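Peer 1: Going down the list, the protein sequences come from chains A and B.
Take any residue in the first sequence, count from 1 to its spot, add 72: that is its number in this note's numbering.
Take any residue in the second sequence, count from 1 to its spot, add 1: that is its number in this note's numbering.
Since the hints were derived computationally from the structure, they do not count as laboratory data.
Fair warning: this is a prediction, and the values are worked out from it, not measured in the lab.
Glycine included, C-beta positions come from ideal geometry on N, C-alpha and C.
Don't take every hint at face value.
[Unchecked claim] Under the rule of at most 16 angstroms between Cα atoms (straight-line distance), these lysine to aspartate or glutamate pairs were calculated in the EDC-like manner:
no., chain 1, residue 1, chain 2, residue 2
1, B, K80, B, E29
2, B, K364, B, E291
3, A, K228, B, E70
4, A, K228, B, E29
5, B, K134, B, E70
[As the list claims (entries may be wrong)] Covered stretches of chain A, going by a simulated chain B footprint (3 or more residues, C-beta under 8 angstroms):
no., segment
6, 234-247
7, 260-267
8, 281-287
[What the hints assert, rightly or not] Among chain B residues calculated to face chain A with C-beta under 7 angstroms, some are:
no., residue
9, L52
10, G56
11, L57
12, G258
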Amino acid sequence: MSKFIRNISLFIAGLPLLATKSYANAPSTATVDSLSEPDAVPLRPLNWESDNLFAGHRSHSSHRSHSSHSSHSSHYSGSSGVSSSAPSYRAPVYVAPTPAPTQAPNSTPAQQTSPGQTPGVNRLSESSNATAPGKPQTLAAPTTPPSRAGLTSSEKLRLQIMRVQIKLQSLGLYSGPIDGTLNEGTRSALKYFQDLKGMPKSGAMTTPTLNALGVPAAN
Amino acid sequence: MRRIKVRLQAQVEMCVHRVVTYENLASEWSPDLRFFVLVFSAENQAGTEALRQSGLANIAWIEGKGLQEGDIVVPVRDKQEVLVLLREADAHHSLFMTNRCNSYCLMCSQPPTLGDDGWLVGEAIDAVRHLRKSPPVLGLTGGEPLLLGTGLRQVLNAIEQEHPTTHVEILTNGRLFSNRQVVSDILDGLTMPARWLVPLYGHCNFVHDFVVQTQGAFDETIGGLLTLQAHGQQIQLRIVLIEPVLRVLPELAAFIGRNLPFVREVALMGCEPIGFALANRELCEVNLHEWGETLERSARTLRRFSIPYLFMNAPLCALPQSLWSDAHRSISDWKNEYAAECDGCAVKESCSGLFSWYERGWKPAPIRPIKQAETIV
């Protein structure tokens, strides 16, 4: 039985590896250890490496970062329009995930699309570039709560950055707008925080940084 | 429903919010929800205001004793007050669906109103979305929720989507399930775990129709019960123990055993001394202690038909000792109290206690503390 659990957890831990190259250096063995010890106190970190989809993300404007995970590039380029400099958050767009495995068949339409958006248009734009980025989403679906399943990758990125900005501001390290863009102020605040914690000063939302901040990754 | 006095940031929306601590805001914040940040210091308050100015339009600070993290609250207009719709620590969770009803029961604890309160559906869905932890059981109450038709189905769908592990209990008189359109609006393709709590007050139409003060209600409720059974839904029958019902209770138990053997259980409930029950006091105020023999006889009949039953809202000292094991702690946390006499009671821990308004109304029986020696059978 325990061998079976070990195998299945190895398999689950390996799923993200199959999906994108950017996970290639994630320590997959850690998940297995915690599962093979059923009575152990679950001392798991807030986020595993594989939870954090945006560890290498530096900013929206720099296209250099996108080359690291090429499969996402088509999606990210579409998000540049979303990351406007408007300080207030805009209503999120709930696009029904095209291959939705967790979505109930009779869910209310009101909850999947935001009021101002026509669902048909969203679905079209989603399916036109969903071939590659759609995949990791479906694979990750069983482990994510259903309410998050409707977010596109760029919305998750915005959410994660905003949570980091909230935390940094409440720590007194950041005073700029909370807008979901990894701007200069956010990066320098991240670097300052990483320096305080003795981490490499990357200015990126690495998984250890998120864990130290106490911010759950949006996935 | 709990009302809590609070101090609230100006210009908040009069709709559902989740209460979150300042420390946990970063980990719980989400753009599609609204948050009240529970502040304990001027520092936290200023921090929240700064966050709001930095672009978080969906947060506001709140200060109030008695608020808990994770509470789902709605501000009351023009008052420094919030209503707590759901609280994680509660033993019972329920959502109020409507105040309209098609019956007019003698002992109604929530007298119906006529006005359109359709906005409650949206509020219920919002509350479900804001709820952080899935409760094991979520009750939907009213009024009569079936009057909402598709609105009720929307709430059920929202619960299924946001909290797939939650069991739903719907408090309804079932009468509208004799209408085919309502049945298909609500029950078609419904796969989530749901239980329907349907009151039945007599084994014949004139008793039931008298208690619910509506002609033809008995036939419609029986039709509704058969419809629910045909759709494979779970049913709990609810019998409120007021005088006209107690007089026919053994016959009613036999009627259920013979004609409705498919019900999951029968709940025998003490009357809540509020609302119409106060107006119809001569019919609703009973001393359960005097009806002990009737209760035992009815329980025996139900046992003989293998129908599970339980007692609700009935303190142990009001019941014959043979029925103690069937009594449950059933009164919602916010309206549950114990009398002064209960302090020395040996079985207080397992006793339902009393409704908070027993002092303005009445007690279901004279309350007396049970001694330790009595508990050994």
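Peer 1: Each hint: holds or not?
Peer 2: Hints versus structure:
1. Between the alpha carbons of K80/B and E29/B the distance comes to roughly 27 angstroms, so the proposed pair goes past 16 angstroms and is violated.
2. Under the criterion of a C-alpha separation no larger than 16 angstroms, the hint pairing K364/B with E291/B is consistent with the structure, at around 13 angstroms.
3. Distance restraint check for K228/A and E70/B: the Cα-Cα separation of roughly 25 angstroms exceeds the 16 angstroms cut-off, and the hinted pair is therefore not satisfied.
4. The suggested pairing of K228/A with E29/B holds, with an alpha-carbon distance near 14 angstroms, which does not exceed 16 angstroms.
5. For the given pair, K134/B sits about 11 angstroms from E70/B by alpha-carbon distance, which is consistent with the 16 angstroms threshold.
6. Evaluation of the coverage hint for the segment 234-247 of chain A: fulfilled, as 9 residues show C-beta separations to chain B shorter than 8 angstroms, against a requirement of three.
7. Here's how the segment 260-267 of chain A fares: 0 of its residues keep a CB closer than 8 angstroms to some CB of chain B, so the rule of at least three is not met and the hint is violated.
8. Residue count for the segment 281-287 of chain A with a Cβ under 8 angstroms from a Cβ of chain B: 3. That meets the three needed, and the coverage hint holds.
9. Residue-level restraint check for L52/B holds (minimum Cβ-Cβ distance to chain A is 6 angstroms; threshold 7 angstroms).
10. Against a cut-off of 7 angstroms between C-beta atoms, the interface hint on G56/B holds, since the closest Cβ of chain A lies about 4 angstroms away.
11. The beta carbon of L57/B is positioned within 7 angstroms of a beta carbon in chain A (closest approach about 5 angstroms), and the interface hint is therefore held.
12. Against a cut-off of 7 angstroms between C-beta atoms, the interface hint on G258/B is violated, since the closest Cβ of chain A lies about 36 angstroms away.
When held up to the earlier numbered hints, the structure conflicts with 1, 3, 7, 12 and fits the remainder.
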